[in-house]
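J.: Using the hints, position chain R against chain L.
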Amino acid sequence: MTLELIEVRKAFDGFELGPVDLNIDNEVLAILGPSGSGKTTLLRLIAGISSLSGGAIRLGGRTLDSLSPEDRNMGMVFQDGALFPHMTVRQNIAYAAAAPDRVLALAERLEVTALLDRKPKTLSGGEYRRVALARTLATEPSALLLDEPLSSLDRPIQTRLLEMLHLLFDELDIPVLYVTHDQRTAMALGNRIVIINDGVIEQIGSPTAIISRPRNRFIAHFTSNENCFDAHVADWTDAGAVLQIGEVRLGTTAQQLQQTQVTACMHPSRIAISAPGAPTAERVNALSGRLIRHLFQGNEYRVHIDIDAAPLTFAVTVHPIVFDRLSLENRSAVQVLIPFESIHVISDRPA
Amino acid sequence: MKLDSASVIMTLGTALLALYAIPVLALVVSVPSGELLIQLTDPVVLRAARTSLFSASVSVFIATVFGLPLAYWLARANSRLKTVVLAVVVFPLVLPPTVSGMMLLTVFGPGSLVGDAAIVVGIPLTRSLLGVIFAQTFVASPFVVVTAKAAFETVDVRLEDASRSLGKSRLVTAQRVTLPIAGPGILAGITLAFARAIGEFGATIMISFYPRTMPVQIWVAFLSQGLENAYPVAILLLLIAAGALMVLHTAATNPWS
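Quick note, the sequences are listed as chains L and R, same order.
Just so it is clear: in the first sequence, position 163 is 163 by my numbering, and no numbers are missing.
Just so it is clear: in the second sequence, position 169 is 169 by my numbering, and no numbers are missing.
Bound conformation, chain L alone (with noise of 0.2 Å):
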């Protein structure tokens, strides 16, 4: 079944948000933007909470903009889950269930049975999130809308719920809009992510493709990636364009571009780093630096790294074992090595 939007829009309080144009089939697509970006009016439009300024919503052909929410079967988690305080987690599943004997299947599939006769005010931010989930999914929706149902919920317990979506998103076999201010999340969960900012798509694709082609300078700071640098087309080679940002030229892949002033963006999970002097492979950028700061995030170390030959600092995330094995500390000498296909070509600014 295929979820349409046809130039969607929306206009309230100054805000205006599309067109908006999507088709999402049986898939997770993850709606990424920052608060006030127009991700959640998106869902409560497709739920029919919120009316159309204009355009359309379709599911599997049928047109939908003239019916109620309640006629819409769009199973819809809210943020912060919306339980209702009054009822018991048994009443807030059975509430939506078309048959009772689904209240338990689904409590068992969420891991929920064990909390059945407690009010949703005893339960733990996770426990809360999950009866939500089930006491949607008991509707048997056509369509599922998850607007940030893992917000503010501690890190170990936000891993556990994103491997269960993982694998809940697989069975269900419906389209899934899963919108999320966090990156790890649309990541991790969406088959193809839309960048959104102020009520306009500024990118749809896959994750690799959004962290490693960003179309813009604004989706690459929205992704982590701080390696954005103004640049000029010094050359071509037979890889393709190379670029010169102060004294550093950098070969690329970049072939045909419509303009010599363009933005190279290279995200700090696709450039690597090696001690001074060590054999580089064909078609790899190596620049020698000095590591002025790390951060040490868990699982990975981001470091940056102040270049030689230009005042151009790099941000680049190393694996532990890298970190420890080339026994990196502040003012270390290091190389950095950017593989030509890293480096992505912007061509955003002004000739």
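Check each hint, because a few of them may be wrong.
Label-pair distances were calculated between CB atoms; the ranges are [unchecked claim]:
id: 1; chain 1: R; residue 1: A77; chain 2: L; residue 2: E226; range: 44 to 50 Å
id: 2; chain 1: L; residue 1: A114; chain 2: R; residue 2: T11; range: 49 to 55 Å
id: 3; chain 1: L; residue 1: S53; chain 2: R; residue 2: L81; range: 20 to 26 Å
id: 4; chain 1: R; residue 1: V29; chain 2: L; residue 2: A114; range: 32 to 38 Å
id: 5; chain 1: L; residue 1: E140; chain 2: R; residue 2: A77; range: 30 to 36 Å
id: 6; chain 1: R; residue 1: A77; chain 2: L; residue 2: A114; range: 40 to 46 Å
id: 7; chain 1: L; residue 1: T122; chain 2: R; residue 2: L239; range: 37 to 43 Å
id: 8; chain 1: R; residue 1: L27; chain 2: L; residue 2: A114; range: 28 to 34 Å
Simulated from the structure, these hints should not be mistaken for lab results.
Small disclaimer: the values here were computed from a predicted structure and weren't measured.
Ideal Cβ positions, reconstructed from N, Cα and C, are used throughout, including at glycine.
T.: Chain R in isolation, oriented as in the chain L frame:
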């Protein structure tokens, strides 16, 4: 003696409590229990009690049926009209009851268009039970609207949205989500409205001296036979009001459970 904040708070609170309780106690001890029992068998007093209980119940029923939708709209609307509507709703609360009675007479009394038409079809709106109910509804219904509005505002709109997205209509959502959560607040409003209706005197005496409600009967007894003869009826009214408040308070503590 050293004055700390706790004892100041206690003293102020106790003084106010005494202001409430002492007159009630004085009223109760001023009448021998035998006298009260005699009054309770007086057909005039019994008729007034029946009129008050019936009219207050009907008034509160009307206030609830008509008031809850208005309260819900006031709680949820974003319209600029909302401020004006709320001011109109609160108006009867700030008017002296006798002025309310005068205004109602202007619209529904003899000589008015509506009043004369009602007399022609045999349903007089003054000097009738209907008039009593009109007066009580006018002065008591704002308690339901204002209190229920506050109660509806405590219900998170997302709960209603969630119910709709789970396939439930507006009506089912109201019955199973909104009303149960707002219930205690709404019942508090109904309680206040009942208390106000059963004690209503100023507007009622302007519109319907007959049939006599208990406050009117107390006034008549006081004028014709003196303060001491008004005491027993006053105590009876006090007992009915207190009983009604207790019933509603019990219901409001744990509704729908």
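J.: A separate judgement is required for each hint: does it hold in the structure or not?
T.: Results for each hint:
With their beta carbons about 47 Å apart, R/A77 and L/E226 fall inside the hinted range of 44 to 50 Å. Judged by the Cβ atoms, the range 49 to 55 Å given for L/A114 and R/T11 holds: they are separated by roughly 52 Å. The hint said 20 to 26 Å for the Cβ distance between L/S53 and R/L81, and at roughly 23 Å that hint holds. A C-beta distance of roughly 59 Å is found between R/V29 and L/A114, which places it outside the suggested range of 32 to 38 Å.
Distance hint check for L/E140 and R/A77: the Cβ-Cβ separation is about 34 Å, which falls inside the suggested range of 30 to 36 Å. The supplied range of 40 to 46 Å is met by R/A77 and L/A114, whose beta-carbon atoms lie about 42 Å from each other. Distance hint for L/T122 and R/L239: a CB-CB separation of about 41 Å, consistent with the stated range 37 to 43 Å. At roughly 57 Å, the beta-carbon separation of R/L27 and L/A114 lies outside the given 28 to 34 Å, and the hint is violated.
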